[in-house]
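> Each chain is listed here by its residues.
There are 2 protein chains.
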Amino acid sequence: MKVYADNAATTRMSRVAIDAMLPFMDTFYGNPSSLHSVGQEAAEALQKAREIMAQHLGCEAREITFTSGGSEADNQAILSAAVLGEKKGKKHIISTKIEHHAVLHTLDKLSKQGFEITLLDVHENGIVTPQQVASAIREETCLVTIMYANNEIGTIQPIAEIGAICKEKGVLFHTDAVQAAPHLPINVNEQNIDMLSLAAHKFHGPKGVGMLYSRKGILLTKIIEGGSQERGNRPGTENIPGIISMAAAFEDACTHMDENSAKVSALRDKLIEELSKVPHSILNGDLEHRLPGNVNFCFEGIEGEALLLQLDRKGICASSGSACASGSLDPSHVLLAIGRPHEIAHGSLRLSLCESNTEEEIDYLLKVVTEEVEYLRNMSPVWRDLVSGKKQFML
Amino acid sequence: MKVYADNAATTRMSRVAIDAMLPFMDTFYGNPSSLHSVGQEAAEALQKAREIMAQHLGCEAREITFTSGGSEADNQAILSAAVLGEKKGKKHIISTKIEHHAVLHTLDKLSKQGFEITLLDVHENGIVTPQQVASAIREETCLVTIMYANNEIGTIQPIAEIGAICKEKGVLFHTDAVQAAPHLPINVNEQNIDMLSLAAHKFHGPKGVGMLYSRKGILLTKIIEGGSQERGNRPGTENIPGIISMAAAFEDACTHMDENSAKVSALRDKLIEELSKVPHSILNGDLEHRLPGNVNFCFEGIEGEALLLQLDRKGICASSGSACASGSLDPSHVLLAIGRPHEIAHGSLRLSLCESNTEEEIDYLLKVVTEEVEYLRNMSPVWRDLVSGKKQFML
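As they're listed, the protein sequences go chains A and B. So the first sequence is numbered by the numbering used here: it starts at -2 and just counts up by one. So the second sequence is numbered by the numbering used here: it starts at -2 and just counts up by one.
Where chains are identical, the list cannot tell them apart; a pair therefore holds if satisfied intra-copy or between any two copies.
Cross-link-like lysine to aspartate or glutamate pairs, in silico, EDC-like; alpha carbons within 16 Å at most: (1) LYS(-1) <-> GLU357; (2) LYS(-1) <-> GLU38; (3) LYS311 <-> GLU358; (4) LYS(-1) <-> ASP23; (5) LYS219 <-> ASP105.
Read the hints as simulated data drawn from the structure, not as lab findings.
Full structure from sequences and hints, please.
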C-alpha cells in the first residue's frame, strides 16, 4: 500500500487545478502586458483569478499581489512593514519562536539592520496568547507577524484576537497562512488581518505560485526590480497558468472546506487516539486548536529520520518536521520552542493528511508506525538504557 | 488569418514543454526536500533538469540556481556582485542605456545606496563596443552587466569580447540572455560569462520560471529569505513542474537551434526587405548582429499604439516595444538611446517571430502592415503637415 501523508510539505495537484491551468499553456498563452487580444485575454483571466482569490479572502481584488510562492510573500510583507515602520522611527517587530524560516530569517536580516525583534515564547501546546502580544507591543512596534497555523505541529493561533489588538494599537498585523489555507476559514476583515501570505502548492494547486494580501493603503516594498506588473509591486511576466490554477484550487478547496475538514479531522483524531497508546510517546501541539490534517508525535528512544526511512520502505511518505528544514541535523526549532528536550525532539514524526486519504490508509499507517517504532526501539541502545533503568524516561 | 508575432513578449508553450511538465503535476508531485521516495523522485528530476541546463550552457550543474524568472535572476546577479564589490570597496558598475528594466531599475536602487553607475551609450545600431567597456572599467568597478541581445531592437552585443575584457581586468561579467536564449549559442566559458539570466517563457517553456548561472566561487546574495533550497541561494519550495519543463524546452530549442534560426532569419529578412520599402520608415537595430526573429521599424507620422490596435483587428499580435513597459506613455528608452527623436520613437512596431511562423503569415503581415500604415497616415494631421511641407520629414 502507498500512503502519502506529507501534505504539509506539498500536495498532489487536483484535477480542477490541472484542468484550469492547461488552456493557459498553449491556447491563452499571451503576456497580459501586451495590448493585443491574445495579451488581453491573459489580462482578463488574471483579473478574474484575482477576483476569485479576493472573494474567498473577503478582500478587494486590488489588494492581492501574486508572487512566486509563500516565502516570497512572507518576505515582502515583513520587508514592507519594516520600511514603513522605519520611516516613522518604529523599528520593533513582534513574532513567535515557531514561525517558518521565511519569517524568522527575514527577521534575522532586519535585526542586522537595526530592528529590534521580539520572538514570543509559545505555550506547550504551541499557542501564543493575545495577552502576550498585547504586553509586547510598544510605541515603536511597526509589525506583528504570527502564523495562522503551524507547519509542524498544526497549532492554530487566535489570529482574529491578535489582529484586534494590533488594530486597536495601530500596529500592522501579518499572518503566514500558508498551512492554514484553505483548511481554515479566512476573512481578512473579520479577522483584522492587514497582510496575509498563501502558497498554492499546499492546497492542491501548482508549485511556484503564491500571493500576498495587503490591505489597501499599505505601500508595498518591491523585492524584485523591473517592469510594472502587479501594480508595480511585483515585476516579471506574470505566471498566468499558475495563477489561474491557484485560483481554481483555492475556490475548490474553500467550497468544500467543511466537508473536507470533517473528513480529515476524523482521520486525524483516529490516528492521534491510537498513536497516543504507544508507550513513551507524546502528541505535539494542541488537541483542540489543531489543523484538520496534522498529526505530530515524539517517540522516545528513536531517531525520526530512521523512522521515516522505515516507513518509506513500507510505502508511507511522512516527515519529521518541515520539509524546508529537512537535511538539517538540528532538531526542529518548533519542538524545542514547545519545550521538548533535544533527545525527544529528534524522535518526531509528522503525518499530514488531506481529503483523499482513506480509512484503510489510516489503519495501515497505524499498523506500520506502531510496528516500526517497536522495531527501531528494539535496535536502539538508548532504548535499552531506558528499559534497563540506566537512563530515566522523559516521556 | 491569425498571426502571433509577439514572441519576444512571450511564447506559446511547446508540446515538448507541456509533456515534460504534466507528470510532475500529479504523478511525481513530491517536495524535493522531503526524505521519502516521492520527495526523492522530485529531487532526482530537479538534478536532472539542472544537468540538462548546464550541459547546454557549458557549465556545471551546481552553478545553476533556479528562480521565478528572468527579472529575479537579473536582480540576484546584480545584487550579488554589488555585495561582493562593496566588501572590497568597489562600488562602480557598468551597463548600457538599452538594458531591460529589471537591470536598469536594480541599478537605480544601487545608485541610491551609493553605487556609481555608468550607463554606456550605444551606437545607432544598438551596439556597445568592447572598447567602450574597456575604457569605462576602473579600479573600483565590480560588475559589467550587458544584455546578450536586446528585447526591442534585437541587437546582439559582442559579449564574448566584452567578457574577455572583464576577465582580463578581474571584473565580474553578467549578461541578461533572456531574449538571446536559445536563439543564439551560449557557452559561458568560451564567452567568458560569470553570470547569466534566462526565462523559460521566452523559449516555449512555462511562465514563472527562470534561472541564474553563476560561476562557482561567486557567493550569491539571497533576495528571498527562508529555507535552504537551491544550495541556500533561493528559498521556497522548488517549482518542479516548471523547472523540468524549462529544461525540456531549452534542450529542444538548443537541439534545433540551427534549423530554427535559418528558417526564422529568412522570414525576418523578407519582412525587413519589404517593410524597408515603406516610405519614411526606418529599421531599428543592426542588420547583421540581429536576433533571428526580430523586426523593429519606426514609421513616421503614425502612433505605434494605433497601429497595434489596427493590426489586432486584422488578427495580428505585435508590439510597439517591450511588453513590460507597455501601457506607459513614454517612448521606449531603447529607441531614444539609439537616437530616434520622440516623435519617431512613438511610431514603432516590433514583430518578433518564432519557428512556427509561416511564409503565408509573413505575406499577410506585409500586406496588412503596409495597408494600415497608409490608412493611419491618411488620417493623421501630422502626416498631412509632413506631406504639405508644413513640417520637415525626419525619415
